[in-house]
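Asks: Taken in sequence, the protein lines are chains A and B. Read in the numbering used here, the first sequence has 172 at position 172, and its numbers run on one by one without any break. Read in the numbering used here, the second sequence has 191 at position 191, and its numbers run on one by one without any break.
Derived by calculation from the structure, the hints in this document are not laboratory data. Every residue, glycine too, gets a C-beta built ideally from N, C-alpha and C. Incorrect hints may have been included.
[What the hints assert, rightly or not] Only pairs whose alpha carbons sit at most 27 Å apart, straight line, appear in this in silico BS3-like list of lysine-lysine:
#1 208/B / 175/A
#2 6/A / 213/B
#3 54/A / 23/A
#4 127/A / 348/B
#5 348/B / 418/B
#6 418/B / 127/A
#7 6/A / 208/B
#8 27/A / 54/A
#9 127/A / 159/A
#10 35/A / 175/A
#11 175/A / 159/A
#12 175/A / 23/A
[Said to hold, decoys possible] Label-pair ranges, simulated between beta-carbon atoms:
#13 319/B / 30/A: 47 to 53 Å
#14 83/A / 163/B: 46 to 52 Å
#15 160/B / 127/A: 30 to 36 Å
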Amino acid sequence: MSTTRKRVYGYLAEFGSASALYKAAEKVRDAGFRKWDCHTPYPVHGLDAAMGMKRSILPWFVFFGGMLGTATGFGLAYITQVEIYPTVVQAKPANIFTVPAFFPIMFELTILFSGFTTLFGLLALMKLPRLNHPLFASRQFHRATDDAFFIAVEARDPKFSPDGTRQFLEDIGGKSIELVEEED
Amino acid sequence: MATATEHAPSQTRQGPKLPVLEREKLILNGRSYHWITERICGVLENRQPFLWWLLFLPSALIAMVGVGLGLTYLVSTGVGVWGMTNRVFWGWDITNFVFWIGIGHAGTLISAVLFLTRQNWRTSINRAAEAMTIFAVMCAGIFPAFHVGRVWMAWFLAPIPNANAIWQNFKSPLLWDVFAVSTYFTISLIFWYLGMVPDLATIRDRCKPGLRKMLYGIFSLGWRGGNRQWSHYEMAYLLLAALSTPLVLSVHSVVSFDFATSIVPGWHTTIFPPYFVAGAIFGGFAMVLTIMVPARQLYGLHDVITMKHIDNMAKIILLTGTIVGYAYLMELFVAYYSGAKYEMDAFKFRITGPYWWAYLAMMSCNVLSPQLFWWKACRENLWVVMGVAMAVNIGMWFERFVIIVTTLARMFLPGDWKTYSPSYVEMALFIGTIGMFLALFLLFLRFLPCINIAEVKWTLLESDPHHDDHHDHPDHGVERIPAYQRELHGKAIVGPDN
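Only chain B is shown next, with the shape it has when bound in the complex (with noise of 0.2 Å):
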C-alpha cells in the first residue's frame, strides 16, 4: 500500500528520479556552535558601533522631552492640555494606544504561533520580537494609564475592595481592557525572561568575575544546561506558546470591543475582531522588519538572520496586508448591504470628508505597498523591503486614526461636529514613544543577546542525535517518494529502461 511517507527499498529505486526538495539552511556558512555563541554574545560584549550612538542619544533625548515632560504637564496641569475642547476627546491618545498594543503582537506571534506550528525559522528573530513586544506595549500602556485624568486614582481600575465601596464594571469592554492589557504584558514578560534563562547562562558563563557576572549569574538562576532542566523547560515553553496564542488573538479583541460593543456608527461591526487581530500582525511584523534589517545589518547577523527569513516576513506581511485590504472593503460592502443609513454616512464621510487624506494613507500604505511582494525581486532587495515596512507602520497608525478621529468627528448632534487637529502635548507624547520604544530597544541590544542562542544552535543539522546515524544502517539515502510519484515511478519499471 503506498502512502506518503512510506520509503522505498533503494534496490527498487529505478525510473525517473525525482529530487526531494531541500529546504534552506537557516544557518548560512556552516558555522559552528561556538561561532553562533561568540557572534551574538559579541554584539553586547564588544563596543557599541558608532552608529548605536548615533541613534541611542537622540531616542533617549526624544523620549525624556516627549513622555518625561509631556506627562509631567499632563499631570500638573490636568487632561485639559491633551485638547479635550471638542468631541473628539483622546483623539490621538487612544489612536496611540492601539498603534502600539498592535505593534506587539507579531512579536507574540511569532514566538509562540510559530513555535506551535514548528516553523524554526523564527529562532533568529524571536527574542528580538518580544522585545519589540514588551517595549511596544509599555508605550501603549501610557496612554489608558494617563487618560484617567487624575494618574494617582489609577488603582480605581484594579478590582480592590475600597473606601466608596463601589466595585468596577465586569460588562464594560474598558476593563476587560485592563485586564487584557494587563495579563497579557505579565505573560509577555514571562515568556520573553523564560525563552532568555539558557542564554543569560552563555553569557555568565563569559565573564570575567565581577559585577557584570553577578547580575547575570542572578538574572540566570543559577541555569546549568542539565537535561532534567531542559525537560521541564521545553515543556514550560510550550505551555507558555499554547498559552500566549489564544492569549494575541483576545488581547486585541478585546481592544476592538471598546468599539465594536457601541452603537457608534464605524465602529459597530463584527469584523472589528478578525481585523484588528490581523491588522496588529500586519503592523507587527512590518515593525519587526523596521528594527531587525538595520541590526542585522549593524551587528553583521547575516548569517544567522538570512534572507530566507526577511523573506518569510515579507509572505506574512503580504498574507496580513491583503487580509487587512479585504476587512476595509467588507466594512464598505457591509455598511452598503446592511443598508444602515448612518453607517453608510459614516464611511461616505470617511473617505471624502475632511479626513479623506487619512483615508488614501490607510488604503495606500496598508493594502497597496505591501502588494509588491508578490514579486521575488521586492522581497529580495532590502531597500524595497524597508520601504514597505515603514510605509506599512505609517499605514497602520493611519488605520486607527481614520477609525477614531473620522468617528468621533461626526457622532449624532450635528452641533457636535468639529475638526479635529492634536494639542501639542498629545504629539509630543506619541513623539515621545517612539523615542521610548527605540531607546529601549537599542539598549536591549546592548545588553542582552538578541538572538535565540540556544535555539538557533538547535537549528543546525549537527544538532538531531541522530545525525550521524545513517552509518549505522545499511539502507541509507533513501528517497522519499511521494503517492503520487509512485504511479510515475511504476509505470517507468515498465518503460523502454528494463
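The shape of chain A in the complex, shown without the other chains (with noise of 0.2 Å):
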C-alpha cells in the first residue's frame, strides 16, 4: 500500500530503430518541446541537429584548462629552478634560457590539466553523477542501455499536456508509451 504522492515526470515512448528515433526527433523538435531527450544504446549520431541541439561546449573549458596547465609547469620550473634554489646542473643555466628543459614537464602539465577539466566539466554538463532519476521507475527503461531506443518529454515542458502529448507521441510512431511518475 502506498500513500506518498506521485508526481507526473512526463511519457516515455519507445521506437523501433536508430531511423524512426531520428525522424521522431525531428518531429518533436519542429512541435517545439524544450524539455525532452532521445534515449538510446549507444551514440546516434546526428541526432544533435535533429533534435535542434548545438555543439557542447567543453572544447572552450578545456582549452582553458590546459592553458592553466601550462602555466603552471612554467610557473614551477621557473619559479623553483631559477627564482628560489637555481642550481647548475651538467651545465645547464638558471634563468629564462633554461625554457627548453621545462618544455617536457610544461607539455604533460597542459595534458593533465585538460584531462582533468575534461573529465569535471563533462560531469558537470551532463549533471551526472545523480543516482536517483524518475526514469529509473519505469518498467521499459532499463532497454535504453541495451536495444531500446526511448523519447522522453518531460511534463516542465510549457507544451506538455497529459493527453495531447501522448497522441503526439503516438502519432509520431512511439510505442508503448509510458506515464511515468516519481514520488513527490
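Hints in hand, dock the two standalone chains.
Replies: Written out as C-alpha cells, the structure reads:
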C-alpha cells in the first residue's frame, strides 16, 4: 500500500529503430518541445541536429584548463629552478634560457590539466553523478542501455499536456507509451 | 566535372560495371543489439570457465610471492638486494620498467589514434587494450618507485615545499619521467573509466537489486543514455583521444630521454625517441594479441573480435616491427658513419661481446619473426599469430636488456667492466609483475565489460539513422565511380555496346 503522492515526470515512448527515432526527434523538435531527450544504447550520430541541439561547449573549458596547465608547468619550473633554488646541473644555466628543459613538464601538465577539465567539465555538463532519476522507475527504461530507443518528454515542458502529448507521441510512431511518475 | 565522389545518375550507368569494394563486416552473423549485450555481459555474469581459475590462481600466487615478498624483502633490507655490487645498477629493473611502460602504449594507440583516424575496427579491442595499459603502467611504476631506495621518501619526487628547501631538478629527464608517467597513468585511467560508464550502466540495468547493482550503479554515475548526455560525452571522448595521442608519443620519448640526453656511447642517439615509440607500439600490439586471442577463444567472442581484427593487428605488428628493424640498422649505420670511436665500439660489443645471444634474440624475435605476416596464411593461422606475438614480447624485453645492460657493463673505465647477472630479487620482481599483470587482467574480464558494448553496437549497419532512407529516394543504388574509371566509362558508351 502506497500513500505517497505521485508527480508526473513525463511520457516515455519507444521507437523501433535508430532511424525511426531520428525522424521522430525531428518532429518533436519542430513541434517546439524544449524539455525532452532521446535515450539510446549508443550515440546515434546526427541526432544532435535532429534534436536541434548546439555543439557541446566542453572544448572551451578544456582549452582554458590546458592553458592553466601550461602556465602551472612553466611557473613551477621557473620559480623553483630560477627564483628559489638556482642550481647549475650539467652546465645547464639557471635563467630564462633554460626554458627548453622545462618543455616536457609544461607539456605533461597541459595534458594533465586538460584531462581533468574534460572529466569534471563533462560531469558538470551532463549533470552527473545523479544516482536517482524518475526514469529509473519506468518498467521498460532499463532497455535503453540494451537495445531500445526512447523519447522522453518531460511534464515541465511548457507544451506538455497529459492527453495531447500522448497523442502526439503516438502520431509520430511511438510505441508502448508510458506515463512515468516520481514520488513527490 | 568529374570528381572522385560525384554520384553518377543511374540512367547513364552503362559500360563496364566495376564493383564498389565492400568493407568486411566488423560484427559477423548479423548479430542484434541484444545479442551483443547478452554475450559481452555474459562474460562477467556467468560462472567463469575452469580455465579462468586455472590461470588466475597461479598468477595471483606468483604476484603475491614475486611482488609482495620481493618488495617486502627489498624495502626491509635495502636496495643492495637488487644486486648493486657491480657497475650495472638496476639492470633488470629499468629493463622491466621500460618494457612494461612500452606494453601500455598499444592500448592508448588503439583507443586514441585509431579513434581519431575513424578506424571502426578498434571498437572490439579498445577496452581490453586500455585495461592492459592501466595494468602495464601499474607494473611499470613499481620499479622506479622502489629503486629510490628509501621508498618512504618517494614523495621527494613530487615538487612540493619541504623542510630542506630543496626543489626537484626540472632539467633532469628523471623528473620529466615522473611527470610523464604519472600523467600518462591518470589520463589513461580517465579515458578508460569514461569509456566504460555507458557499459557499466548496461550491466547495472541487468542486475537484480542488491550489492552488485548498487556498486555498478555508483560507478555508472546514473548514466541514462540521453542524447543530451551522449553529445557531451562524445565530445569528451574526442578530446581525451586528442589529448592522449601526443601524450602517448611524449611518454616513451621522455623515457628514451633518460638515455638519449646522457653522454654514454650507445645511448646518446637522436633516433631514440621515435625508435622507442615505434618499439612500444610494436610490443604493445603483440601483448594485445597475446591476451585477446585466448580471451576470444575462452568466451566465444568470435563474432565480435573477428579474424579481420586479428589481421589488422598483425599488419600493424608487421609495420612497426619493420620500423624497429630500420631503427636497429640505422643505429649501426650512424655508429659507423659518424666515426665516433666509442659509439662504434659499444655496438661491436653489443653484437659480438658476451651478450651476443641477447642481441641475436632481439634481432630474430623483433625483426625477423614479424616478417611472417607478409603472408596472409600466417595472419590467418592463430597459432602462428600467437607464436609471433610471444616472440615479440620476448624480443622487446631483450631489446631493453640489450640497450641497458650491454652499455652499462662497458662504460668509460675498463676497471668497471663486469659481466652482469641479476639478483634473485630482481628476477622475482619481474616474474611477479607478469603474474600481477595477468591476475589483474583476469579480474578485469571477471568484473568489467571487456568489450565496448555501446561502440560495438554503433558499428552495426542499422545503427546509422539513415540506414533505411533509400526507400525515400528514387535514385537508390547509385554506384560511386572513381575518376579514373569514368574515363573507361566514357569509352564504353561509344563502344560496341551502343
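Asks: Does each hint fit the structure? Answer for all of them.
Replies: Comparing the hints with the structure gives:
1. Our distance criterion of 27 Å between C-alpha atoms is met by residue 208/B and residue 175/A, whose separation comes to about 26 Å.
2. Simply put, residue 6/A and residue 213/B have alpha-carbon atoms about 25 Å apart, close enough for the 27 Å limit, and the pair holds.
3. Pair hint residue 54/A plus residue 23/A holds up; C-alpha atoms about 18 Å apart against a cutoff of 27 Å.
4. In summary, the hint linking residue 127/A to residue 348/B is not supported, as the alpha carbons are separated by about 62 Å, beyond the 27 Å threshold.
5. A threshold of 27 Å between alpha carbons decides the hint, and for residue 348/B with residue 418/B the separation of about 17 Å falls inside it, so the pair holds.
6. With a C-alpha separation of about 62 Å, the suggested pairing of residue 418/B with residue 127/A is violated against the 27 Å cut-off.
7. Of the supplied pair hints, the one linking residue 6/A and residue 208/B holds, its CA atoms being roughly 25 Å apart against a limit of 27 Å.
8. Note on residue 27/A and residue 54/A: the hinted pairing holds, with a Cα-Cα distance of about 17 Å set against a maximum of 27 Å.
9. In summary, the hint linking residue 127/A to residue 159/A is supported, as the alpha carbons are separated by about 24 Å, within the 27 Å threshold.
10. Of the pairs offered as hints, the one joining residue 35/A and residue 175/A holds, with about 20 Å between alpha carbons and a cut-off of 27 Å not exceeded.
11. In summary, the hint linking residue 175/A to residue 159/A is supported, as the alpha carbons are separated by about 21 Å, within the 27 Å threshold.
12. Distance restraint check for residue 175/A and residue 23/A: the Cα-Cα separation of roughly 14 Å lies within the 27 Å cut-off, and the hinted pair is therefore satisfied.
13. In this structure the hint that residue 319/B and residue 30/A lie 47 to 53 Å apart at CB holds, the actual value being about 50 Å.
14. Distance hint check: the CB atoms of residue 83/A and residue 163/B are about 19 Å apart, inconsistent with the given range 46 to 52 Å.
15. Residue 160/B and residue 127/A have their C-beta atoms about 34 Å apart, which keeps the hinted 30 to 36 Å range intact.
When held up to the earlier numbered hints, the structure conflicts with 4, 6, 14 and fits the remainder.
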